[in-house]
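All chains, full assembly: derive it from the sequences and hints.
Protein chains in written order, with the UniProt record's numbering: chain L, 1 to 356; chain D, 1 to 356.
Keep in mind the hints are simulated off the structure, nothing from the lab.
Hints may contain errors.
[What the hints assert, rightly or not] Covered stretches of chain L (in silico footprint by chain D; criterion: 3 or more residues with CB under 8 Å from a CB of chain D, positions within the stretch not fixed):
1) 22–35
2) 169–177
3) 182–194
Even for Gly, the Cβ is constructed at its ideal location relative to N, Cα and C.
There are 2 protein chains.
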Amino acid sequence: MTFSASSPVSFVRTAVDTEIARFIERRRTQLLEIGSELAPAVDALEAMLSGGKRLRPAFCYWGWRGAGGDDVAEIHRAAASLEFLQACALIHDDVIDNSDTRRGLPAAHKRLADLHAAEGWRGAPEAFGRGAAILIGDLCLAWSEDLYQASGLELEALHAGRTPFDAMRTEVMAGQYLDMLEQVREGGDVEATLRVMHYKAAKYTVERPLHMGAALAGRFDDLAGVYTAYGLPLGVAFQLRDDVLGVFGDPEQTGKPAGDDLREGKRTLIVAETLERSGAAARARFLRHLGDPALDGDAVAWMRGVAEESGALAACERRIDDYVGKATAALESGLLDDAARSPLADLVVAATDRKY
Amino acid sequence: MTFSASSPVSFVRTAVDTEIARFIERRRTQLLEIGSELAPAVDALEAMLSGGKRLRPAFCYWGWRGAGGDDVAEIHRAAASLEFLQACALIHDDVIDNSDTRRGLPAAHKRLADLHAAEGWRGAPEAFGRGAAILIGDLCLAWSEDLYQASGLELEALHAGRTPFDAMRTEVMAGQYLDMLEQVREGGDVEATLRVMHYKAAKYTVERPLHMGAALAGRFDDLAGVYTAYGLPLGVAFQLRDDVLGVFGDPEQTGKPAGDDLREGKRTLIVAETLERSGAAARARFLRHLGDPALDGDAVAWMRGVAEESGALAACERRIDDYVGKATAALESGLLDDAARSPLADLVVAATDRKY
Numbered sequence: 001m002t003f004s005a006s007s008p009v010s011f012v013r014t015a016v017d018t019e020i021a022r023f024i025e026r027r028r029t030q031l032l033e034i035g036s037e038l039a040p041a042v043d044a045l046e047a048m049l050s051g052g053k054r055l056r057p058a059f060c061y062w063g064w065r066g067a068g069g070d071d072v073a074e075i076h077r078a079a080a081s082l083e084f085l086q087a088c089a090l091i092h093d094d095v096i097d098n099s100d101t102r103r104g105l106p107a108a109h110k111r112l113a114d115l116h117a118a119e120g121w122r123g124a125p126e127a128f129g130r131g132a133a134i135l136i137g138d139l140c141l142a143w144s145e146d147l148y149q150a151s152g153l154e155l156e157a158l159h160a161g162r163t164p165f166d167a168m169r170t171e172v173m174a175g176q177y178l179d180m181l182e183q184v185r186e187g188g189d190v191e192a193t194l195r196v197m198h199y200k201a202a203k204y205t206v207e208r209p210l211h212m213g214a215a216l217a218g219r220f221d222d223l224a225g226v227y228t229a230y231g232l233p234l235g236v237a238f239q240l241r242d243d244v245l246g247v248f249g250d251p252e253q254t255g256k257p258a259g260d261d262l263r264e265g266k267r268t269l270i271v272a273e274t275l276e277r278s279g280a281a282a283r284a285r286f287l288r289h290l291g292d293p294a295l296d297g298d299a300v301a302w303m304r305g306v307a308e309e310s311g312a313l314a315a316c317e318r319r320i321d322d323y324v325g326k327a328t329a330a331l332e333s334g335l336l337d338d339a340a341r342s343p344l345a346d347l348v349v350a351a352t353d354r355k356y
Numbered sequence: 001m002t003f004s005a006s007s008p009v010s011f012v013r014t015a016v017d018t019e020i021a022r023f024i025e026r027r028r029t030q031l032l033e034i035g036s037e038l039a040p041a042v043d044a045l046e047a048m049l050s051g052g053k054r055l056r057p058a059f060c061y062w063g064w065r066g067a068g069g070d071d072v073a074e075i076h077r078a079a080a081s082l083e084f085l086q087a088c089a090l091i092h093d094d095v096i097d098n099s100d101t102r103r104g105l106p107a108a109h110k111r112l113a114d115l116h117a118a119e120g121w122r123g124a125p126e127a128f129g130r131g132a133a134i135l136i137g138d139l140c141l142a143w144s145e146d147l148y149q150a151s152g153l154e155l156e157a158l159h160a161g162r163t164p165f166d167a168m169r170t171e172v173m174a175g176q177y178l179d180m181l182e183q184v185r186e187g188g189d190v191e192a193t194l195r196v197m198h199y200k201a202a203k204y205t206v207e208r209p210l211h212m213g214a215a216l217a218g219r220f221d222d223l224a225g226v227y228t229a230y231g232l233p234l235g236v237a238f239q240l241r242d243d244v245l246g247v248f249g250d251p252e253q254t255g256k257p258a259g260d261d262l263r264e265g266k267r268t269l270i271v272a273e274t275l276e277r278s279g280a281a282a283r284a285r286f287l288r289h290l291g292d293p294a295l296d297g298d299a300v301a302w303m304r305g306v307a308e309e310s311g312a313l314a315a316c317e318r319r320i321d322d323y324v325g326k327a328t329a330a331l332e333s334g335l336l337d338d339a340a341r342s343p344l345a346d347l348v349v350a351a352t353d354r355k356y
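Structure (structure tokens):
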């Protein structure tokens with residue numbers, strides 16, 4: 001997803017980046033007082049916190065503005081706290097999936113494993129990298145709370161914001177666990193995949209951050225329904241767009257090799273739809289290719305063909321259109337502050353209108 | 001460490017156990033609504049939260065009472081939140097160390113790996129167990145905060161308690177990282193080992209929980225110094241007693257095989273003292289044995305002999321005595337509420353007077 005420099009989203013990103021950098025610098029000082037050997041751990045943490053899309057902070061911020069909140073540094077900080085939660089999720093996810101890269105850079109566990117190897121320390125570099133990354137992710141999770149609490153918002157507001165914040169953390173971890181389970185059980189039918197998307201993408205990325213913004217502004221009770229009506233379909237549509245791009249995306253646009261999700265064997269909705277809509281022979285061959293790290297261009301082209309001819313691609317696109325319509329309609333609510341209506345509409349387009 | 005049923009510590013344990021059980025039951029309901037397949041994850045989490053010594057809650061509780069706080073359910077809940085933080089540390093530590101047992105029961109990652117194997121799921125059971133345990137530990141860390149915030153204490157009190165609570169989490173993770181670093185660098189001289197003990201044991205287990213109790217009662221400013229003077233030496237003495245027992249402990253008393261820490265290769269202070277006080281030949285042989293999983297009784301006896309004859313054991317015992325004296329002296333402060341003086345003195349004895 002790319003945003004123009006002047007968009008309401010890139011504005012949030014700049015403000016959030018500033019708060020993240022300030023917070024890390026203060027914590028770096030504290031950690032280096034404990035031990036200068038902690039520097040590589042802070043560097044790895046900082047690297048994971050740079051360059052994200054800041055989607056969750058953007059929804060939290062516009063959830064607050066939609067509830068009539070002002071543009072103040074306190075909400076930038078509270079919104080920025082969600083990036084530390086996300087950093088924990090990404091760092092731990094990379095350990096769980098044993099993925100060595102993240103946004104084209106070495107994953108946290110890989111950085112620390114490389115340090116171990118370069119220093120010639122005892123034992124296996126991978127084990128050290130994994131252990132260090134677990135601890136760095138834990139730090140991110142603890143710091144997420146610290147930044148939230150130190151945002152400078154009123155204590156009553158912070159207390160009100162806890163309900164969605166707590167739910168969000170439990171739900172994303174539960175969603176990750178269910179996702180892991182779907183992978184190993186080779187389940188991943190349409191229904192199970194939608195449930196994982198509901199928790200990992202729709203609630204975690206869109207709905208709960210909006211709820212937090214509303215709750216922090218003291219407007220959870222009247223706005224939660226509006227934000228749910230907007231956030232759940234948008235979150236699923238956003239993830240679906242990502243999934244379609246993972247199969248059909250142009251490497252020049254996505255920055256990933258063609259058919260990357262197929263090579264990784266991800267049990268996405270388009271895969272589930274393809275399997276449910278194909279005959280036994282095509283399904284068996286599709287499953288043989290799925291997750292093959294040596295998948296070549298011909299096989300990717302064949303798999304794309306099956307996804308298209310089975311009607312799976314069209315089903316996904318219909319679903320995206322349908323959900324985009326629902327999310328957009330929810331913005332007509334008179335409860336929303338006008339300041340947020342157009343930015344929230346922009347976010348729908350930005351999240352779902354990417355081409356392949 | 002064992003406490004009599006009527007001790008002020010076992011009293012805290014019972015109250016804390018009740019709050020932990022209540023909290024988990026509420027969360028279990030929430031998780032099972034997300035997906036019934038989450039049941040084994042909640043079971044593993046619950047198992048890790050049963051049977052601990054509840055040391056950190058005890059120090060938090062008596063820190064509060066020493067500051068004049070009443071015996072109310074709110075402080076039981078706030079104190080219980082520290083057990084969820086500790087559960088995260090233990091679950092992740094077992095993954096990092098690849099330890100399959102904890103308190104004689106399967107570690108969380110082992111339980112989930114066993115489930116994977118029993119169900120015949122795809123992929124390596126160990127990788128699934130590790131991934132699941134990372135997520136379960138993350139849940140514990142998030143829930144620690146949730147229980148703290150839902151304790152029912154005044155928002156101003158909770159805000160004041162954050163300073164030590166935040167510091168505690170950063171320090172324990174930094175301490176774990178430094179500990180991991182000492183193991184792989186084969187460093188672990190006396191000074192480096194004392195630094196890890198300072199963060200992982202003294203501050204995390206004793207000083208910060210006491211600080212939290214004082215801060216929650218609005219008495220951090222005047223009591224922090226007293227609790228530091230009591231807590232830091234006591235924390236190191238407690239860890240030292242554990243380390244000495246790890247080498248000299250009677251299996252019938254400790255529940256672990258004789259010389260277990262030697263077999264695991266732990267870089268404890270008694271090991272550091274032994275290495276610094278031995279000649280080159282003895283040091284080389286000691287290092288060859290250290291961490292040998294097949295270490296036999298004769299080798300353990302020889303290593304114990306070196307630790308004793310080098311003066312390392314006596315040095316550790318002197319240090320324990322010295323620190324116990326300092327911790328006990330700190331309790332004479334007139335700032336402490338009398339209700340806590342005798343329980344805090346009992347805790348010194350309970351933590352350091354275990355025999356081998």
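Inset, instruction - Test coverage of the segment 182–194 of chain L by chain D using CB-CB distances below 8 Å; three residues minimum. - result: This one holds; 4 residues, not fewer than the three required, reach chain D with a Cβ under 8 Å.
Legend entry - 8 Å C-beta test of the segment 169–177 of chain L against chain D, three or more residues: Held - the segment 169–177 of chain L has 8 residues with a Cβ nearer than 8 Å to chain D, which meets the minimum of three.
Legend entry - Coverage claim, chain D over the segment 22–35 of chain L, checked by counting residues with Cβ within 8 Å (three needed): holds (count 5)
Comparing the model with each numbered hint stated earlier shows that all of them hold.
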